[in-house]
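Colleague: Hints in hand, dock the two standalone chains.
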Amino acid sequence: MNALSVARLRTMSIALSAWSALLGACGEQRDYRPQVRGGDAQRGQIALLRHDCGVCHAIPGIIGAHGRVGPSLASYGRFPHLAGKFPNDPELLVRWLTDAPSMAVATAMPALDLDEQEARDMAAYLYSLE
Amino acid sequence: MAAATMQSALAGAPGSAAEAIGRLGDLLYVGAGAIFLFVMALAIYSVFAKPRAVNVRRWIVGGGLVFPIVVLTALLVYSLRTGDALSHSAAASGSSESEPLRIRVVGKQWWWEVRYVGHAQGTEIVLANEVRLPVGRPVELLLTSTDVIHSFWVPALAGKVDMIPGRTTRVALRADETGIFRGQCAEYCGGQHALMALYVVAQSQSDFESWLARQARPAQRPDDSFLKLGYDAFFKGNCQACHAIRGTPAAGTLGPDLTHVGGRHSLAAGVLDNHIGTMAGWIAGTQDVKPGSKMPSTRTFTGIELRAISAWLGSLQ
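Taken in order, these protein sequences are the chains called L and G.
When you line the first sequence up against this note's numbering, it's residues 4 to 133, in that order.
When you line the second sequence up against this note's numbering, it's residues 201 to 517, in that order.
Extracted from the complex, chain G is given alone in its bound form (with noise of 0.2 Å):
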């Protein structure tokens, strides 16, 4: 996979909610530290200067009033707007820009949902573990958990929401360059809340619309004879009872919707890149990679079937 850019706070995207933080941030901290320098020097001075009379009252009201309450009034009026314009990056952040794209995020033990509704293509698409969002467009997710408290953060693009079951929190993306950004679960949710993670892929415009397009269409029954057999062998491990794959007969709703995990990113949430070998060592292993995972490892595949779906689900992209 491509490589993602540095999960950090510090390393904000551009266009990003991240950006105006950091921003807000490197003026808190230059601020502060040239006003923290300014007054060691007038205190270095103090002590070193020949002693002469001053204007007492100048510096008291200048330097302790006046100062201080322009200063952190400017600082306010900054961080406010800052704010403000954050929690309506939707609506605020483009003038000419259409509705924006709204993305549900459900988080689960320890995996995301991710639901694209009310999209041109008619049939709603669910993946796992990534979200897509095209460049330049404001985009809105909208967080819930059918569990226990989870909480989204990607550093690079915006601040922690929490994910509470019951409720729906909102968190405004935006990224205006292409790139794949990596986040996290940063609230405590159980034994695997550290290999709870997820990626954000910003593509531009038309990738993102060929993307989108690609998920609507259904999986079929494949023709390859190798592929057939994993075919056949996921629905004889019952798979289904807990997956769903669109344009099979497997509608199962307790694990990540499987239609394109092909092409996904990562397996098991961030936890491992997506090829063949990782995906045949999930399905067997897994209580090893992600001991208390609601997956069990499975045993009842032979080699060879094993090595088939793994191969068939590969295939799904």
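So that you can see chain L by itself, here it is in the shape it has in the complex (with noise of 0.2 Å):
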């Protein structure tokens, strides 16, 4: 490779990453943010450390909570399904957290003792997992 080609390939990958970095600046990210009609992300977090969510789940932001029983929910604002198997859609996930079994019969989630309100709180919460 002669000195020209290597000078010009420097140049082009300069104009490149200055492209590229033009593109990330326009390129914010609009994915729809689910909405919890009624929740509370900030009581949610509280609920999920309450009812020791974390004893199956790792869950940003809720101490101790690294469970490996269950899936990891970190990001879960960003999963394109609830539980790999139903679109994620905040009232499918209020009623998962309540009822999960009703739902899918082999998970190993229980049917849990939340009140609405608590669920609604803690699906506000998840959502705000990016």
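Be a bit skeptical, because a hint or two may be false.
Just the calculated beta-carbon pair ranges, DEER-fashion [to be verified]: (1) GLN120/L <-> PHE236/G: 52 to 60 Å; (2) LEU52/L <-> GLY492/G: 18 to 26 Å; (3) PRO83/L <-> GLY492/G: 34 to 42 Å; (4) ASP116/L <-> ARG414/G: 20 to 28 Å; (5) ASN438/G <-> GLY87/L: 45 to 53 Å.
Simulated from the structure, these hints should not be mistaken for lab results.
Given the structure is predicted, the values throughout are model-derived calculations rather than measurements.
Just so it is clear, CB atoms sit at the ideal spot from N, CA and C, and this is done for glycine as well.
Modeller: Okay, here's the thing in structure tokens:
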């Protein structure tokens, strides 16, 4: 490879990286962020801690939540699917949190004794995980 | 679960040894504080007051000999009486009261085995990580250990007492009001020492009696088909190798007796609240919750079996 082509390669790569930086600047992600009706993420964080959800799930922001029985919920807000089976829809998640076996009988996640509000709050927190 | 009272020696429960120790402490701190302030006031006065002659002998004999002898002797007598009352608390605490209730507590890595011996119901009741006692009645705990040294400490009720393998130590407990008191192992006993806690539940005499009667009842094979699935999965998973459930073929002795596990306040020795989710998580993720625990994380169950076992164990109340 001669000196000229090295110089040309270098110029090209600089131009490329400048272009991609420019693209990146206007490439702000505009994904749909699901909203949970009546759910409060802050209260949800406390509810997830109080109900020891971390025994089975790794959940960022919840003290001691590094369980491996169920899937990690890190970046749950970006999951395309709920439990790998359903569309990741807020109302479905709320139902899943309170009564997973009614949706997928083979699941290891038991029906939990949560009230509707707690489930909504938890869902709101989970969707806040980017 | 009902909220436990603060786990603090400064929050002694009414009627408990911790309250008596707390009173002694209060007297000591307030008295020492008052004497300190008096001496400081004298020192400041001596710097700023107009010089005048004082009776040196009176100050030395009075302040240096008589005062400390009187105060320290009174304190010694009071503290000895308090200590004596604590060590004979069961006998000394009530004239009309019956025999103290005796409960054997065995420290293990990293949980507590609790045995109610020689009570009216006949069967020996064994549970784990929870001591229940009737209010107003003196209780004597007989403490020992089967592996390393542990220490039994429920700060709101009594001072800490070591649990030593091959020996039996004693602690007198008494609570005059109902409540839930958290306790903790207070002697480093291995990797999960920090996760070795328990609850002491003080109940009214009648609640206690009905609880004890319930504990004496054996478990039964469930009728419900889902619970039955859990029952069968329990034996399929060989859980009975370590756990006993009275009324079933399960008679293991290595792990906690599970005859009434569903009625306990906590799982894993005060680590988790007791509900179906934590039960399932504990069974399948034991080593994540308490690494080094003698119970392995169980990997042999299907999702349904795990839910069913948790539901069945939770139903044993």
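Colleague: Work down the list of hints and note, for each, if the structure agrees.
Modeller: A quick look at each hint next to the structure:
For GLN120/L and PHE236/G, the Cβ-Cβ distance of about 54 Å falls inside the hinted range of 52 to 60 Å, so the restraint holds. For the pair LEU52/L and GLY492/G, the beta carbons lie near 24 Å from each other, so the given range of 18 to 26 Å is met. Taken as a hint, the range 34 to 42 Å holds for the pair PRO83/L and GLY492/G, whose Cβ atoms sit roughly 38 Å apart. Between ASP116/L and ARG414/G the Cβ separation comes to about 22 Å, which falls inside the hinted range of 20 to 28 Å.
ASN438/G and GLY87/L have their C-beta atoms about 30 Å apart, which leaves the hinted 45 to 53 Å range violated.
Comparing the model with each numbered hint stated earlier shows that hint 5 is the single one that does not hold.
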